[in-house]
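**Q** Please build the complete structure, drawing on both the sequences and the hints.
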Amino acid sequence: MKQMSQQQWNKHLIRRTIISRIFHVMIFGATLVGLVVLISLLYRILTQGIAYVDWGFINGFPAPYPEEAGILAGIVGSLLLMGIVAPVSMIIGISTALYLEEYAVKNKIARFIQANIQNLAAVPSIVYGLLGLTFFVYFMRLGYTLIAGGLTMSLLVLPIVVVASQEAIRSVPNDLKAASFGMGASKWQTIVRVIMPAALPGILTGTILALSRAIGETAPLLIVGAAAAIFTLPGKLTDPYTVMPIQIYNWVSRPEAEWQFVSAAGIIVLLVILLCMNTVAVIIRNKFSRRL
Amino acid sequence: MDAFEANKHSLDVQKKIKEKKDRIKLLRKGERLVPIFLLFCAGLSVLTTIGIVVTLVKEALVFFSEVSPADFFLNKDWRPWQGDYGVLPLITGTLLITLIATIVAVPLGIASAIFLSEYAGEKTRKTIKPVLEVLAGIPTVVYGFFALTFVTPLLETFIPNIKVFNALSAGIVVGIMIIPMIASLSEDAMNSVPNGLREGALAMGATKFEVAIKVVLPAAFSGVVASVVLAISRAIGETMIVTIAAGVTPNFTFDPTESIQTLTAFIVQGTSGDTTYGSTIYYSVYAVGITLFVFTLIMNLISQRIARRFREEY
Chain U
1 MKQMSQQQWN KHLIRRTIIS RIFHVMIFGA TLVGLVVLIS LLYRILTQGI
51 AYVDWGFING FPAPYPEEAG ILAGIVGSLL LMGIVAPVSM IIGISTALYL
101 EEYAVKNKIA RFIQANIQNL AAVPSIVYGL LGLTFFVYFM RLGYTLIAGG
151 LTMSLLVLPI VVVASQEAIR SVPNDLKAAS FGMGASKWQT IVRVIMPAAL
201 PGILTGTILA LSRAIGETAP LLIVGAAAAI FTLPGKLTDP YTVMPIQIYN
251 WVSRPEAEWQ FVSAAGIIVL LVILLCMNTV AVIIRNKFSR RL
Chain G
1 MDAFEANKHS LDVQKKIKEK KDRIKLLRKG ERLVPIFLLF CAGLSVLTTI
51 GIVVTLVKEA LVFFSEVSPA DFFLNKDWRP WQGDYGVLPL ITGTLLITLI
101 ATIVAVPLGI ASAIFLSEYA GEKTRKTIKP VLEVLAGIPT VVYGFFALTF
151 VTPLLETFIP NIKVFNALSA GIVVGIMIIP MIASLSEDAM NSVPNGLREG
201 ALAMGATKFE VAIKVVLPAA FSGVVASVVL AISRAIGETM IVTIAAGVTP
251 NFTFDPTESI QTLTAFIVQG TSGDTTYGST IYYSVYAVGI TLFVFTLIMN
301 LISQRIARRF REEY
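Going down the list, the sequences are from chains U and G. The working numbering applies: residue 1 is where the first sequence begins, and numbers increase by one. The working numbering applies: residue 1 is where the second sequence begins, and numbers increase by one.
Hints listed in this document are in silico derivations from the structure and should not be mistaken for laboratory results. Worth double-checking, as some hints may not be accurate.
[Stated by the list, open to error] Result set (DSBU-like, lysine-lysine): computed pairs, CA atoms no more than 35 Å apart in a straight line:
1. G:Lys208 <-> G:Lys123
2. G:Lys21 <-> U:Lys106
3. G:Lys163 <-> U:Lys177
4. G:Lys76 <-> U:Lys187
5. U:Lys177 <-> U:Lys287
6. G:Lys76 <-> U:Lys177
7. U:Lys108 <-> G:Lys123
8. G:Lys76 <-> G:Lys58
9. U:Lys177 <-> G:Lys214
10. G:Lys126 <-> U:Lys177
11. G:Lys126 <-> G:Lys214
**A** Spelled out as structure tokens, the structure:
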């Protein structure tokens, strides 16, 4: 090894320290990029759209003129869609998680299902749209209806619900289960009376996050036929429908500049609803997540 | 009389015990159905996968009976309404978007991960992480709007001859969208690097920079790579941003200022109103869909394999 004089060593050390400091500033700056983008995005949307958000906009139907356009059909459609997606994905998702965590012997079948869920989570959402189009719209002859869209979205968010439920169920301490079994409870009684109440906050938090993903999804619903121009609210499962992102997409893709403001107004409504859902998720997590 | 009463009473108790036993028996019998129902639900996810594959393959086969696979994969013209089905422009469009997104997201994502796991204090981490999570939760249609109405005009001031719909703007925004994914997965990988390694390096007189770059990053490397591969897969499958901001012009080009079309954007275009069920264009959507599915599947498998190897190391 080369010998260094004290002076050289000091110089070397100073250089290394400076590099470290510069690096610190650089990665801090890089981290801030995300923040800056988020702020400029929100600023942009608020300044463009806030003037258009009024009761007439929230309570109105699509119209050929920007001043008259409203998003009511989108809001109602999105909420009704959630009314399908939430129960369907929760029943199937929680059942799947219970099976994998409580019943399945860690054998090939369980591992296969687990790997399968992981892969499904990474399938592009538009591919789910193609599945929904072929299976629900054409094969089951549901047509471009609320129920076809709801089932497609349920399949899309299913992996998220399963993974969240699995984590919640896994985090229930073993001695609670052992105590329940020790008192003579059966497996099912233990699940219903001990595991589910303890895991429910985690499951609900995960499900709400999955639903807020679903509420912003556009591509699969474009394919399974959520229409842009709906002038009556869907009353039953087999009615045509629209959702907020589809309305926004429709407005964004119009060439006249005024529609930009309408799109921004629609985005504000969408983001406010998303924010509410996230707040509920956080409240549930904070309120019920006591250490067991 | 008293004896009779007592006898009746004890009979009652025995009857009740028997009833209870019967009820428990019935309950246990019912409980045996529970795992069957749960397994059925778990099976639905497998059925979904099978459904996806069967759907894509079946309809794509109809397409390939009308258009030869050689034409599909080798021709450089995608004009389905004129009968030209060469998928290469859509693939190059997708790759171009993915490339731009990767260039944007990888440095920013990994830098954020290093900052959060190695430099940031607990308080800073607690404020910055939720912001990144918010970024991940923004609907893609909003990102599309942002790309078209903010990023494109911004780029216009630097590149005056850029198209209104262009690959650059869409690619940058797709990149921003996948930053949180790289940042949070890479941070997890870095956090699981044992502290002993850091302390050892610091004790040897390494600076924080040297610890981060020469110790933590290499130790977490496979986790970081897995996150990048997964993020790339997400960029390939992204739909709304590219549909809104990149255009619908299938161009065989790598010029980012041009308007292009991606695989996903064509699927949206091809399934919209003016396509009739059963036409060649209708089936071409599935051929494009299966191409997209195979691309993302390969990326996901690679990412999972790398991540699994990484998990075994500690």
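**Q** For each hint given before, does the structure comply? Return the numbers of the non-compliant ones in rising order.
**A** 3, 4, 6, 7, 9
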